[in-house]
Amino acid sequence: MSQHPIGDLMHAAMENLSAMINVNTIIGDPISTPDGSLILTVSKVGVGFAAGGSEFRNYHLVDGVKQAEVRSPHPFGGGTGGGASITPIAFLIVSKDGVKLLHLDQNTHLIEKLMDLTPQALEKVKKYMKKKDDSDILDEDIETEID
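Throughout the sequence shown, residue numbering follows the working numbering, covering 430 to 576 in sequence.
In short, the hints are calculated from the structure, not lab data.
Misleading hints may appear alongside valid ones.
Below are the DSS-like pairs computed for lysine-lysine, each with C-alpha atoms no more than 30 Å apart in a straight line [said to hold, decoys possible]:
hint, residue 1, residue 2
1, Lys556, Lys529
2, Lys555, Lys529
3, Lys525, Lys561
4, Lys529, Lys561
5, Lys553, Lys529
6, Lys555, Lys473
7, Lys473, Lys529
8, Lys525, Lys560
All of these numbers come straight from a predicted model, not from anything done at the bench.
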């Protein structure tokens with residue numbers, strides 16, 4: 430049995446979409462900087478695909494009465510369509526100092542920002558606690574000398 434024409438349409442569309450989108454679309458090719466750092470683009474990729482077709486009966490009417498059907502693979506009507514959207518969302522920076530993810534939308538990724546700030550906040554709390562402990566010791570020394 431011969432292949433249905435819609436299969437050929439879908440095959441052609443999928444081949445073109447797969448050629449258009451590969452792993453380098455999501456994580457871009459690395460860019461080297463003079464200081465030895467590497468910058469990679471991280472993108473959000475959206476893909477849409479549709480295919481459809483219709484077969485028509487191949488017969489003729491004589492005075493409004495259907496006559497014998499003619500056997501042929503046609504007429505067939507069909508079409509496919511597809512598209513892609515590629516939106517950069519961040520840069521991955523690999524340097525001597527470590528790896529950093531720089532988001533392009535500053536209003537998102539709040540949890541990640543909080544995680545980045547946690548070590549700094551803990552240092553400030555430690556300094557505050559140490560300062561408070563030092564002042565408590567100083568207060569005890571003053572009270573002891575007065576007694």
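Taking each numbered hint in turn, which are not upheld by the structure, reported in ascending numerical order?
-> Per hint list: 3, 4, 6 and 8 violated.
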